[in-house]
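Numbering-wise, the working numbering puts 66 at position 53 of the sequence shown, and it's gapless, one number per residue.
Quick caveat, the hints were computed from the structure, so don't treat them as lab data.
For glycine and all other residues, C-beta sits at the position ideal for the given N, C-alpha and C.
Treat the hints with caution; some may be incorrect.
[As the list claims (entries may be wrong)] DEER-style ranges, computed between Cβ atoms:
no.	residue 1	residue 2	range
1	Ala73	Asn192	19 to 25 Å
2	Pro31	Ser76	29 to 35 Å
3	Leu137	Lys104	34 to 40 Å
4	Leu122	Met59	36 to 42 Å
5	Arg71	Lys104	26 to 32 Å
6	Asn62	Gln162	35 to 41 Å
[What the hints assert, rightly or not] Listed below are the simulated PhoX-like cross-link pairs for lysine-lysine, each with C-alpha atoms no more than 20 Å apart in a straight line:
no.	residue 1	residue 2
7	Lys156	Lys114
8	Lys67	Lys56
9	Lys156	Lys187
10	Lys104	Lys114
11	Lys135	Lys185
12	Lys135	Lys16
13	Lys114	Lys185
14	Lys114	Lys187
15	Lys16	Lys173
16	Lys135	Lys103
17	Lys56	Lys16
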Amino acid sequence: MLKELFEEALSIILQNIPVEIETSSKRTEIPYEMPLKERDTNKALMVFNNNVTKSFNRFASKSSFNFLVCSGAAGIGKTRWGNEFFNSVKKDWSSPPSWEKPGYLYLFLDFINGVRLSSFDKNLEASTILGLRVAFDYFVCRKRKISFQEFKILVEPYIKFFGIELVLSHIKSKEFQHNQQLIIVLHID
């Protein structure tokens, strides 16, 4: 029922927003085709694999999971490394033997130049703050002619449908098979 309400809310929000037409000047995929040199993702894949393994244990504490952090000055390739890591997960990581072939999803949230926090978020739960941004990145960004600021204004009456669990559930039901495991690499910049 909630998934249907989320879908209805999203269709109402986007009904009058024109579709973004991709032009060659807006494409950013081409630079990512050339692999980075001297970037080893093996250690990051070990951390990723440990997180997946721990996720099978219902009693694993949240503190036993790890985030991957890539810090440094502007322009050194942190964003590109995140994309390369995702490609490495798809190509080099072996899923547990009990799994069918998993689905893969890369979400990039740019909190500086894209989905910036504002006073709008002050009274929202963390789940909604993240869910709103994931929904924008997945359903709207590069697909519709609307900024994140405009999107937030249109979403406000439907904000209760934008918790992260509901947003991810909707993404999974739309794009992936029902029982398929979903590997999400959430890249926050």
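Going through the hints against the structure:
1. Our hint of 19 to 25 Å for Ala73 and Asn192 holds, since their Cβ atoms are close to 23 Å apart.
2. Pro31 and Ser76 have their C-beta atoms about 46 Å apart, which leaves the hinted 29 to 35 Å range violated.
3. A beta carbon spacing of about 36 Å between Leu137 and Lys104 agrees with the range 34 to 40 Å that was offered as a hint.
4. Checking the proposed 36 to 42 Å range against Leu122 and Met59 shows it is violated: the Cβ atoms sit about 24 Å from each other.
5. Take Arg71 and Lys104: their Cβ atoms lie about 30 Å apart, and the range 26 to 32 Å holds.
6. Taken as a hint, the range 35 to 41 Å holds for the pair Asn62 and Gln162, whose Cβ atoms sit roughly 38 Å apart.
7. Between Lys156 and Lys114 the alpha-carbon distance is near 28 Å, which puts this suggested pair outside the 20 Å criterion.
8. Restraint check for Lys67 and Lys56: the C-alpha separation of about 17 Å stays at or below 20 Å, so the hint holds.
9. Only pairs whose Cα atoms come within 20 Å are accepted, and Lys156 paired with Lys187 is accepted, the gap being roughly 16 Å.
10. A hinted pair counts as satisfied when its Cα atoms are at most 20 Å apart, and Lys104 with Lys114 qualifies at roughly 12 Å.
11. The straight-line distance between the Cα atoms of Lys135 and Lys185 is roughly 28 Å, outside the 20 Å bound, and the hint therefore fails.
12. Among the hinted pairs, Lys135 with Lys16 is inconsistent with the structure: their alpha-carbon atoms are about 25 Å apart, more than 20 Å.
13. Of the supplied pair hints, the one linking Lys114 and Lys185 holds, its CA atoms being roughly 14 Å apart against a limit of 20 Å.
14. Annotation: proposed proximity of Lys114 to Lys187 holds, straight-line Cα distance about 17 Å (limit 20 Å).
15. Restraint check for Lys16 and Lys173: satisfied, since their Cα atoms lie roughly 12 Å apart, inside the 20 Å limit.
16. The suggested pairing of Lys135 with Lys103 is violated, with an alpha-carbon distance near 36 Å, which exceeds 20 Å.
17. A distance of roughly 37 Å separates the Cα atoms of Lys56 and Lys16; the hinted pair therefore is violated under the 20 Å criterion.
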